[in-house]
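Start from the sequences, fold in the hints, and give me the full structure.
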Amino acid sequence: MAGAFIPPSFCIVPKEVTNLSQAIRIAKKIFYLLITIFFVLVFNFVLFRLLPGSISTKMAHTAHANATALANLDKYYGLNQPMVQQFLTYFTKLLHLDLGNTFASYGGGTDVWDVMASRIGPTVVLLGLAEIIAFILGTVFGVIAGWKRGKVIDKTLLTSSLTFYAMPTFWLSMMLILIFCTKANLLPSMGMYTTGFRKEIVGAAAYYKDVARHLILPLACMSLGLAGEYTLTMRSTMMDVLTEDYMTTARAKGFKEGYVLRKHALPNAMLPMVTLICMNLGFAIGGAITLEQMFSWPGIGALTYTAIANRDYTLLQGIFLLTTVSTIVANFLADILYGFIDPRIKNS
Amino acid sequence: MKGLQAMKPISRILAFLMVFVLLLALCACGSAPAGGTTTGGNASGNDQVYFRLGFKDGPDSLNPYAADVTVDQFVLSLIYDTLFAYNLQTGEITNSLCTDYTVDKNDDGTCTWNLTLRSDVKFTDGQPVTAEDVAFSLMSAADFSSLYSTDASVVDTKKITVTDATHLSLVADNDYAYIKECLSNVPIVPKHIWNQYFKYGDNGVYTADEDTAQSAKEVTPAAENMIGSGLYKWDYADDTCCTLALNKDYWNGTSDAQFFTLTYNVSNMLTALQSGEIDAAYTANASDIQSLSGNQNFKYVIGDNGDYTCVSFNCHDADYSKGNPLLRVPEVREAIDRCLDKSYIIQMAYGNLGIPDEGIIGANSPYYYDIKNYEGYKGNNPDAAVALLEKAGFTYGADGSAYTSGTRYNADGKPLSFNLYYSSDNTEDGDAATIIAAECSKVGIEINAQSIEKYTLWDYTDSYDYDMYMIEWSAYNDPFFVLNYFVWNDGANAYSTTVDGTVQYPGGWNDTGWNNQNYDALYKQQVVMSDKTERYPIVQKMIQMVYDASPISVLGYLGYVQAYNSAHWSGFTQLGGNSQGMIFTAPIVSQQMRQIQYNG
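As you go down the protein sequences, you meet chains A and B in turn.
Here this note's numbering is used: the first residue of the first sequence is 333, the next is one more, and so on.
Here this note's numbering is used: the first residue of the second sequence is 2, the next is one more, and so on.
Hints are computed from structural coordinates only; laboratory data are not their basis.
No experiment lies behind these values; they were computed from the predicted model shown.
Glycine residues also receive a C-beta, built at the ideal position from the N, C-alpha and C atoms.
Incorrect hints may have been included.
Computed Cβ-Cβ distance ranges for the label pairs, DEER-style [to be verified]:
#	chain 1	residue 1	chain 2	residue 2	range
1	A	I452	B	N449	40 to 46 Å
2	A	A641	B	S120	43 to 49 Å
3	A	A641	B	T95	32 to 38 Å
4	A	F375	B	Q596	53 to 59 Å
5	A	F419	B	S571	57 to 63 Å
6	A	K425	B	N286	40 to 46 Å
7	B	P326	A	F419	39 to 45 Å
8	B	D320	A	F375	35 to 41 Å
9	A	T424	B	N253	50 to 56 Å
10	B	K200	A	G460	46 to 52 Å
11	A	F423	B	N286	41 to 47 Å
12	A	L494	B	P326	55 to 61 Å
13	A	M499	B	N286	51 to 57 Å
Pasting the structure below:
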């Protein structure tokens, strides 16, 4: 009976007890969440300072700064302080949601939150939509493949899913650009909107239409890869579920195949998908570096690339903090969600 | 609604998501906006002409004090005027904001430049451009600008005297040949906008104390502070591009392009150009040339920007130098140089985008000297390299017997084995390093090519912790900048800056450690000569000295593919009017934009 779905109406645990245990479970999860985030903060701080080289080197080569100027820069950014003091300053500021100023990118001295804020929107739009499309395709294809196991349609979906899942993002991007931009000249190959197509000039409708056109290729590229992953996962769990005893029981009761699939197979098969989707949503906040670079999409991924290239410690810290915290929070949400959709966890 | 309510939750979610995606797809349907023009948001609704120049990279900052990279320079060159400017046709530097100047030699050896400015130039906010603005720009940039501090420091900013609104005088240590070129780079910013971020110090310069050390650099570029007097004015910028609008009151002509857009991070330059997403590419790839050649709607040039690529040797003999001491033996450096077939390296590693050569001054410079005409020219000759190594005592194998194959050793058992570093973000240098290693192995020199992260590499080279590394040097039009790479004891960029006897972030560029008093003396001699015929023989002698000593091995002068949509745009001129000139560089972009025509 492993993995069997037990409808809530069969449970005999009193409601008050259930609610209390649920609250304790969530409180524990929040506690662990905070501890994890603290260690992430420590790790983020230490990691970037262990990298070889220094920001002073870059300043010396670009501004031709002398030793005094570099010492002043170190002082200005607090780099002359002991590591512990730097961490305490960093942590205190973080409590006030102050991530500091950029070291090198944007000329240095720009608020990290401001820099990241303008990039979060494009990334969330791109990767959020990609997740939705991939979820729909992955679920539908996964169910069909698992249901029609061994048939032509299963083999076709399995092969195509594996292909898209295994295909490197940069290669798929290049192929899409080659076909739809270079050869067919149907779609834009870069950016988020056409030059001059600002909302205040052309109006909201034309602007969003233009943005949508620019979204198509990066969206296709991202969602195809994710859909491949979701299809494979869904197919695998679907095949497990379909062999369970309760499925045979349901069929023996005379339910139609479609009803059995929707009512008994799908809810159970969806459980691993919830974790996977939540985790991917967490990563999505961090952007997709290769994808955003290939399509010149102005998101967090492209910003990460810039920050790494400029060795911008504070900006990188901000981005990694955002990425890791969003992943941890997504994982937390998946845990909570599990409690609601799987009665065994709620009642445990 | 009844139908929707009747649906199961999971089906409802799926249906909602499908409708959402379908709406998005419908929204995306329709024809693409036309390339080259876009329907403007002006009252008349006329089409407005955009010129969109694509860059592979993005900006660092468009703030004139924090600007650092190529995109930044382009924006500033379009927004701000300068005292002097390049003449696109001749490549010479001519008057711009400055209409006239005289140079007086003072008794103490210094020179005074007396400048007269145009009186009819206004910033885009209506304020006149005055001598006070010029003085402020030089004074504030000298100590503060990331990009222009070296240029502004060419004059003694403590001794700038403003006579009246259109006259000022500048004092320089000497009548350096490069003063005009340096002054042609410094953007003239409005004092009434930027003055608030600086403090006029006791030492007579605009500077900032510690509390406000970064305040000017922290100013976010916007229409209210990016006020200039140039051909274009600030329109807007976001994370994808910066757009400038034509300054219709510009004093020195106009352009067909009503808007100039600098498009950032274009990863597929050829595709963007062909699909009409950009009108021109600042740099395209060598592999794009074939496609561009076969299409009559596009034209390209391969321009020489004066940059050269080379292998730099650590031949510094100080205690703190951590390089392999064998590279201090001139015969070893020369042997490596003679192993290298420069033509082959440029062809194979750099996509043939460049001119193989071995002198330190580029072929596009008026001071170019073809080193092949030098009587001491050696050229690629592996046999001669072997002879040099034998002469230097590298006649042994690993086991101490006479050398037959593999790596050569000297009598002390020291092998000819060196590390060759290259920046990990430069695949071309990586290819070149691989070829160099292969060529050197044929004569018994072992080269270990290693990819190193860029800033780490700079840390190593600054502290003389390297044997050899690949580096590209860029140059001013005047040869002073290239020549002073090797100056050691004196000069504007002398390298011998030390703190407590050890090198701490040196003040110059000579990370080879090679030094020669005669060279330094010649540098001081030529750098004050304005007469080319008088100066050229000295420059030529210095090129020969560097060639003979081989502190670096020049591989060639790099070329840049610059392309544009010739169906929409025409009238481009290559810098200097020659076939090796660039069509887009920051100093000439404003003049280029005034020349080109939009063909519809």
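The hints, checked one at a time:
The supplied range of 40 to 46 Å is met by A:I452 and B:N449, whose beta-carbon atoms lie about 44 Å from each other. For A:A641 paired with B:S120, a C-beta distance near 45 Å keeps the hint of 43 to 49 Å intact. At about 37 Å, the CB distance of A:A641 to B:T95 agrees with the hint of 32 to 38 Å. Between A:F375 and B:Q596, the C-beta spacing of about 55 Å keeps the proposed range 53 to 59 Å intact.
A hinted range of 57 to 63 Å for the beta carbons of A:F419 and B:S571 is consistent with their spacing of about 59 Å. Look at A:K425 against B:N286: about 43 Å separates their beta carbons, and that is inside 40 to 46 Å. Between B:P326 and A:F419 the beta carbon distance is about 42 Å. The supplied range of 39 to 45 Å therefore holds. Hint check: B:D320 to A:F375, Cβ distance near 39 Å, so the stated range 35 to 41 Å holds.
Distance hint check: the CB atoms of A:T424 and B:N253 are about 53 Å apart, consistent with the given range 50 to 56 Å. Take B:K200 and A:G460: their Cβ atoms lie about 48 Å apart, and the range 46 to 52 Å holds. Judged by the Cβ atoms, the range 41 to 47 Å given for A:F423 and B:N286 holds: they are separated by roughly 46 Å. Here the CB-CB span from A:L494 to B:P326 is close to 56 Å, well matched to the stated 55 to 61 Å.
Taken as a hint, the range 51 to 57 Å is violated for the pair A:M499 and B:N286, whose Cβ atoms sit roughly 24 Å apart.
Violation of the numbered hints given earlier is confined to hint 13; every other hint is satisfied by the structure.
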